[in-house]
Amino acid sequence: MIENWVPALSSYAKDIDLVFDVIFWIVIAFWFILVEAVFLWLIVRFKKRDGVPAQYITGELKSEKNWVHYPHLAVLACDVVILFLAIRVWYDVKQHVPPTDETVRIVAQQWAWSFVHAGADGRLDTPDDIKTVDDLHLQVGKTYLYKLESRDVLHSFSIPVFRLKQDAIPGRVVTGWFKPIATGEHDIQCAEICGIGHALMPGRVLIETPEEHAAWIASKSASGAGE
Amino acid sequence: MVVKHADHAHEHGDHHAEQGWVSKYLFSTDHKIICFQYMFTGMALAIVAGFFSYVFRMQMAFPGVPVPGWGLVTPADYNMLVTNHGAIMIFWVAMPVLIAAFGNYLIPLMIGADDMVFPKINRLSYQIFLLSVVVLFISFFVDGGGFAGAWTMYPPLMAKAEYSLTGTGSSVFLLAIALEFVAFLLGGINFVTTAMNARAPGMKLYDIPIVVWMIVIASILFMASVGPLIAGAVMMLFDQQLGTAFFDPNRGGDPILWQHLFWFFGHPEVYVVLLPAIGITAEIITVFSRKKLFAYKTVLNTAIGTGILSFTVWAHHQFIAGIDPRMANIFTITTLIISIPIAEMMFVYIATLYGGSITLNTPMLWALGFIGTFLIGGVTGIFLGASGADIYLHDTYFVLAHFHYTFFPIAIIGTYAGLTYWFPKMFGKEMNDTLGKIHFWGTFIAFNCIFIPLFFTGMLGDHRRIFDYTNFPELTTPMLENLRAFATISLVVMLGFQLVFFYNFVTSLLWGKKADVNPWRANTLEWTTASPPPHGNWAELPTVYRGPYEYSVPGRKDDFWPQDAKS
Amino acid sequence: MADHAAHDHAHEAHGEHTHHPDYVKIWGVLLVLLVISVAGPFLEIQVITLITAFGIAIVKAYLVVKNFMHINVAAKLVTYLVLTMLLFMLLFFAGTAPDVMESHGSNWEKPDWIAGTAHPPAAGHEESH
Amino acid sequence: MSAASSRPIATGRSAAGMPTGRLAVWWIIASEIVIFGGLLGSYIMHRLAHDAFAEQAAHTNTWIGAFNTFVLLTSSLSAVLAHKAADHGDGKKAARFLYYTMGGGLVFLVVKAFEWTTEIQAGYTLASNTFWSFYYTAAGIHAAHVLAGVIIMGFVAHTAKRQLEMQRVELIGLYWHFVDVVWIFLFPLLYIAK
Chain A
1 MIENWVPALS SYAKDIDLVF DVIFWIVIAF WFILVEAVFL WLIVRFKKRD GVPAQYITGE
61 LKSEKNWVHY PHLAVLACDV VILFLAIRVW YDVKQHVPPT DETVRIVAQQ WAWSFVHAGA
121 DGRLDTPDDI KTVDDLHLQV GKTYLYKLES RDVLHSFSIP VFRLKQDAIP GRVVTGWFKP
181 IATGEHDIQC AEICGIGHAL MPGRVLIETP EEHAAWIASK SASGAGE
Chain B
1 MVVKHADHAH EHGDHHAEQG WVSKYLFSTD HKIICFQYMF TGMALAIVAG FFSYVFRMQM
61 AFPGVPVPGW GLVTPADYNM LVTNHGAIMI FWVAMPVLIA AFGNYLIPLM IGADDMVFPK
121 INRLSYQIFL LSVVVLFISF FVDGGGFAGA WTMYPPLMAK AEYSLTGTGS SVFLLAIALE
181 FVAFLLGGIN FVTTAMNARA PGMKLYDIPI VVWMIVIASI LFMASVGPLI AGAVMMLFDQ
241 QLGTAFFDPN RGGDPILWQH LFWFFGHPEV YVVLLPAIGI TAEIITVFSR KKLFAYKTVL
301 NTAIGTGILS FTVWAHHQFI AGIDPRMANI FTITTLIISI PIAEMMFVYI ATLYGGSITL
361 NTPMLWALGF IGTFLIGGVT GIFLGASGAD IYLHDTYFVL AHFHYTFFPI AIIGTYAGLT
421 YWFPKMFGKE MNDTLGKIHF WGTFIAFNCI FIPLFFTGML GDHRRIFDYT NFPELTTPML
481 ENLRAFATIS LVVMLGFQLV FFYNFVTSLL WGKKADVNPW RANTLEWTTA SPPPHGNWAE
541 LPTVYRGPYE YSVPGRKDDF WPQDAKS
Chain C
1 MADHAAHDHA HEAHGEHTHH PDYVKIWGVL LVLLVISVAG PFLEIQVITL ITAFGIAIVK
61 AYLVVKNFMH INVAAKLVTY LVLTMLLFML LFFAGTAPDV MESHGSNWEK PDWIAGTAHP
121 PAAGHEESH
Chain D
1 MSAASSRPIA TGRSAAGMPT GRLAVWWIIA SEIVIFGGLL GSYIMHRLAH DAFAEQAAHT
61 NTWIGAFNTF VLLTSSLSAV LAHKAADHGD GKKAARFLYY TMGGGLVFLV VKAFEWTTEI
121 QAGYTLASNT FWSFYYTAAG IHAAHVLAGV IIMGFVAHTA KRQLEMQRVE LIGLYWHFVD
181 VVWIFLFPLL YIAK
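Taken in order, these protein sequences are the chains called A, B, C and D.
Letter by letter, the first sequence follows residues 1 to 227 of the working numbering.
Letter by letter, the second sequence follows residues 1 to 567 of the working numbering.
Letter by letter, the third sequence follows residues 1 to 129 of the working numbering.
Letter by letter, the fourth sequence follows residues 1 to 194 of the working numbering.
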């Protein structure tokens with residue numbers, strides 16, 4: 001459902017949308033509508049009428065308790081389905097890192113993102129690393145490992161089109177991965193309040209074709225921006 | 001209006017010695033007066049926090065345009081407003097009104113006692129609470145301005161003045177929170193011991209009205225969960241003012257520790273305010289559907305179960321905050337498990353309506369409105385509790401809409417339900433039902449119009465606590481801007497409808513019809529004494545013969561059967 | 001009337017006749033345990049230090065809670081209450097320790113900690129290693 | 001004001017089978033358990049994780065800690081003897097034992113002040129590092145409880161001497177024992193585990 005408004009541009013974005021959709025259909029489209037319908041029907045059906053007294057139902061009998069007991073078991077069954085799916089996706093996105101092609105370091109600070117790209121040799125911490133501020137250059141189809149750091153307070157690295165979000169914590173290096181699957185230019189947000197400039201740290205992620213990406217690396221190396 | 005009330009107390013014969021106005025209303029140990037103190041303080045702060053929400057919503061809808069009544073909203077203003085809106089609404093509105101005010105009023109009256117067991121501690125509790133309000137207001141005006149780091153107070157932003165730029169404000173704010181906790185610890189101990197020990201003769205455990213149970217369970221949850229945060233608040237204060245490094249990662253501390261200390265309290269806190277509102281709803285739907293509460297023991301067990309489970313789910317607020325992802329799986333499971341008792345409770349309430357004879361007056365509308373909207377809050381919680389979906393939804397407006405769909409029914413709808421239901425007992429006057437219904441429908445529809453759009457802005461990527469989205473090209477589409485503006489206009493409409501309530505409240509208080517002892521024909525003990533009850537509550541304390549929900553018992557002439565009636 | 005009831009109650013409460021054991025003897029036992037817990041570390045065996053320190057602390061706490069605070073004559077509820085609170089603290093510890101106590105998580109690490117630079121020594125402390 | 005000074009009937013009831021005061025004190029203790037539990041839990045996490053803590057802990061003075069444990073245990077003894085005296089209706093004796101307990105509490109605080117002074121002079125202050133932060137915070141919160149106990153005990157002893165409100169002797173004793181138990185755990189945590 002989310003992809004109708006926010007494009008799904010990472011390999012796992014569709015999975016996260018799937019979790020959302022499944023929960024939507026089970027919980028909203030089925031349960032919520034059903035319960036509200038029963039609820040409203042009861043209000044209309046048992047509205048006060050002259051000469052019709054209320055019934056005396058304790059709800060302590062087993063047959064009466066089953067009214068809530070069976071729906072309750074159904075809720076439990078739905079919970080299991082949702083749990084299974086949610087944990088599976090969580091495992092794929094956060095716990096399990098597939099083989100990656102390149103590493104990018106992301107450093108958050110008040111109030112900017114800096115990115116260290118691997119550069120021409122494809123490896124970090126070499127002289128040809130390319131540092132940028134607020135612009136993250138990625139090549140479509142490559143799997144990236146990110147190392148997320150913070151210099152001062154908590155920030156949260158969020159790329160809505162990737163369905164990716166991870167807090168940056170001072171004193172820790174958080175790793176994770178993403179794989180862009182289509183080209184384009186999109187927003188990077190900071191999703192954890194980080195002081196008065198919280199709204200002023202937008203970044204851009206530029207997903208490029210291999211040719212464009214190579215050209216960008218070449219232009220940076222030529223201008224000597226790689227330190 | 002207070003004078004009017006005093007006249008009434010005298011009419012109904014105050015057995016105790018005459019008291020001056022000051023000792024009667026400012027330094028009273030009477031639980032009913034302390035209830036009013038808590039309630040009016042809470043309402044006054046609700047106006048403050050409501051005004052804050054008006055200011056920052058106007059900024060969201062019309063960024064950069066000066067807001068009438070405030071002026072231009074700077075980023076610092078904006079952060080301060082959202083922070084204090086949240087903190088005030090939870091700590092200084094929901095808790096004092098739902099737990100302290102209703103707890104104070106209802107516990108002694110519903111269990112047939114003449115007062116709280118420790119009236120002086122009760123008074124002290126309110127005085128400390130009032131002090132915390134004063135300290136909170138001081139925090140707005142100190143050098144650097146009020147604290148602006150979100151109500152969760154995450155370090156290092158909270159801990160270091162160089163990051164937050166509100167060094168003094170942060171510490172004063174923390175002090176206010178700490179004082180508030182002390183007030184509620186004292187109050188909570190009073191509630192629990194009163195309900196446990198001071199019950200009327202004959203009142204067995206299962207004869208206690210559900211709302212009393214709920215307030216007691218809520219107090220216990222509060223007492224059991226707030227400890228680590230009190231310790232954390234001391235550590236935080238030392239970090240701010242004395243140079244320690246409990247939460248400073250550069251010197252051996254850990255900022256995540258605070259998040260655990262905070263949410264270990266913060267999650268049970270949700271249930272601390274939820275349970276009293278659920279209890280109020282139980283009282284009202286049974287009375288106005290003339291039905292016995294469906295499966296009393298099940299309601300009680302689910303409440304206790306929810307309470308215990310609520311201690312096992314706290315880290316679902318931190319899924320992407322850097323906790324170990326393996327732990328997130330455990331917390332996902334516990335979080336979805338907690339949906340089971342809550343769902344059961346909702347089913348029980350809906351089942352109670354079956355076979356009833358439902359009168360749709362103002363209190364009943366509020367109570368039914370509570371069930372209808374709280375369901376939305378409940379079901380949207382599943383999206384956030386499921387760790388896979390939370391990766392995207394965390395810290396977006398989806399979260400915000402979700403918890404407003406829980407807190408608004410709890411704190412606002414629940415309070416209005418309770419207030420309109422017990423108004424005749426509290427003040428001895430009847431409220432205008434037509435104005436009450438206008439107020440209900442206006443508030444109810446406008447509320448939904450505020451937060452349904454915010455679910456969508458959240459799904460579309462609006463993240464929280466951003467004072468101006470113009471820096472994010474994808475968040476400046478006409479659709480998003482229209483949704484935000486619509487929500488803001490709905491908020492203004494909703495705030496406007498509260499004037500109807502204030503008008504109704506004041507006119508009913510002054511010129512309302514005099515209320516009977518038992519206008520709703522209810523069973524519970526508070527309806528057996530005068531309206532309003534005198535000091536000491538009853539001339540002779542009642543004895544209890546049956547449970548609180550014996551409505552429409554077959555073979556009886558009346559469709560209600562008061563708890564203290566011998567036959 | 002209120003005073004009268006309170007008075008009645010006072011009699012009732014004192015009429016319970018809490019059993020008073022020989023407090024001085026218990027105090028003696030506590031002191032012996034204290035001496036052992038202080039002496040334990042002198043053996044310089046870590047396991048024994050841990051046992052004498054924390055095992056004995058638990059025993060001492062138990063003796064005080066049982067004999068001085070009379071938890072066994074207070075209603076069962078109180079015992080459950082105290083145990084529940086302790087259980088909640090265990091829960092808190094179990095939920096928090098994986099983040100705070102570890103230098104590596106499954107997707108993060110704390111570089112300062114691993115490099116050993118997280119704890120600057122105290123001012124008066126001479127480096128001994 | 002007569003209404004305010006006389007006690008409500010509610011206070012005298014005991015539907016739970018326990019005097020209201022004792023029940024309330026146990027609830028206070030329960031909420032204190034989680035305050036100290038949260039703090040000590042956090043401390044234990046750091047202590048187990050960092051070897052640096054052991055080096056720092058070596059600079060605490062076990063003998064002073066042990067002496068203070070002795071003082072608190074002994075003051076607990078006199079508190080419980082006061083309870084026994086109160087149960088037998090001897091308010092004067094109960095008050096005397098309470099004064100002994102207060103004396104113990106004051107000795108504890110004086111020793112603590114002396115200990116801290118030496119440590120601060122040696123350069124180990126609250127902000128030195130995390131171990132000392134925890135050390136001063138935990139012991140400081142505990143000392144605040146001791147101080148509060150001593151003050152409240154003064155009032156209780158004052159009324160007990162006149163044979164009034166004798167049930168309070170037991171209640172303040174309960175609180176005092178709890179403070180003692182907290183110290184029983186603080187002592188090995190801060191002083192012995194090196």
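These are calculated hints, taken from the structure and not from any lab test.
None of these values were measured; they are calculated from a predicted model.
A few of these clues could be false.
DSSO-like, lysine-lysine: derived pairs with alpha carbons at most 30 Å apart [stated by the list, open to error]:
#  : chain 1 : residue 1 : chain 2 : residue 2
1  : A       : Lys-131   : A       : Lys-65
2  : B       : Lys-297   : C       : Lys-25
3  : A       : Lys-65    : A       : Lys-142
4  : A       : Lys-48    : B       : Lys-160
5  : A       : Lys-62    : B       : Lys-557
6  : B       : Lys-160   : C       : Lys-25
7  : C       : Lys-76    : C       : Lys-66
8  : B       : Lys-120   : A       : Lys-62
9  : D       : Lys-84    : C       : Lys-66
10 : D       : Lys-112   : C       : Lys-76
11 : A       : Lys-65    : B       : Lys-557
12 : A       : Lys-131   : A       : Lys-62
13 : A       : Lys-131   : A       : Lys-179
14 : B       : Lys-437   : A       : Lys-48
15 : D       : Lys-112   : D       : Lys-93
16 : B       : Lys-160   : B       : Lys-24
17 : B       : Lys-160   : A       : Lys-47
18 : A       : Lys-131   : C       : Lys-76
19 : A       : Lys-65    : B       : Lys-160
20 : A       : Lys-48    : B       : Lys-120
21 : C       : Lys-110   : A       : Lys-179
22 : D       : Lys-112   : C       : Lys-110
23 : B       : Lys-120   : C       : Lys-110
24 : A       : Lys-65    : B       : Lys-297
25 : B       : Lys-120   : D       : Lys-112
26 : A       : Lys-48    : B       : Lys-557
27 : B       : Lys-513   : B       : Lys-437
28 : A       : Lys-48    : B       : Lys-514
29 : A       : Lys-48    : A       : Lys-65
30 : B       : Lys-557   : A       : Lys-47
31 : B       : Lys-120   : A       : Lys-147
Hint by hint, here is what the structure shows:
no.: 1; hint: A:Lys-131 - A:Lys-65; verdict: violated (65 Å)
no.: 2; hint: B:Lys-297 - C:Lys-25; verdict: violated (48 Å)
no.: 3; hint: A:Lys-65 - A:Lys-142; verdict: violated (56 Å)
no.: 4; hint: A:Lys-48 - B:Lys-160; verdict: violated (61 Å)
no.: 5; hint: A:Lys-62 - B:Lys-557; verdict: holds (29 Å)
no.: 6; hint: B:Lys-160 - C:Lys-25; verdict: violated (52 Å)
no.: 7; hint: C:Lys-76 - C:Lys-66; verdict: holds (13 Å)
no.: 8; hint: B:Lys-120 - A:Lys-62; verdict: violated (47 Å)
no.: 9; hint: D:Lys-84 - C:Lys-66; verdict: holds (15 Å)
no.: 10; hint: D:Lys-112 - C:Lys-76; verdict: violated (37 Å)
no.: 11; hint: A:Lys-65 - B:Lys-557; verdict: holds (28 Å)
no.: 12; hint: A:Lys-131 - A:Lys-62; verdict: violated (69 Å)
no.: 13; hint: A:Lys-131 - A:Lys-179; verdict: holds (20 Å)
no.: 14; hint: B:Lys-437 - A:Lys-48; verdict: holds (18 Å)
no.: 15; hint: D:Lys-112 - D:Lys-93; verdict: holds (29 Å)
no.: 16; hint: B:Lys-160 - B:Lys-24; verdict: violated (45 Å)
no.: 17; hint: B:Lys-160 - A:Lys-47; verdict: violated (59 Å)
no.: 18; hint: A:Lys-131 - C:Lys-76; verdict: violated (66 Å)
no.: 19; hint: A:Lys-65 - B:Lys-160; verdict: violated (55 Å)
no.: 20; hint: A:Lys-48 - B:Lys-120; verdict: violated (46 Å)
no.: 21; hint: C:Lys-110 - A:Lys-179; verdict: holds (25 Å)
no.: 22; hint: D:Lys-112 - C:Lys-110; verdict: violated (36 Å)
no.: 23; hint: B:Lys-120 - C:Lys-110; verdict: violated (51 Å)
no.: 24; hint: A:Lys-65 - B:Lys-297; verdict: holds (11 Å)
no.: 25; hint: B:Lys-120 - D:Lys-112; verdict: violated (34 Å)
no.: 26; hint: A:Lys-48 - B:Lys-557; verdict: holds (18 Å)
no.: 27; hint: B:Lys-513 - B:Lys-437; verdict: holds (17 Å)
no.: 28; hint: A:Lys-48 - B:Lys-514; verdict: holds (25 Å)
no.: 29; hint: A:Lys-48 - A:Lys-65; verdict: holds (25 Å)
no.: 30; hint: B:Lys-557 - A:Lys-47; verdict: holds (21 Å)
no.: 31; hint: B:Lys-120 - A:Lys-147; verdict: violated (57 Å)
Of the numbered hints given earlier, the model fails hints 1, 2, 3, 4, 6, 8, 10, 12, 16, 17, 18, 19, 20, 22, 23, 25 and 31; all others are met.
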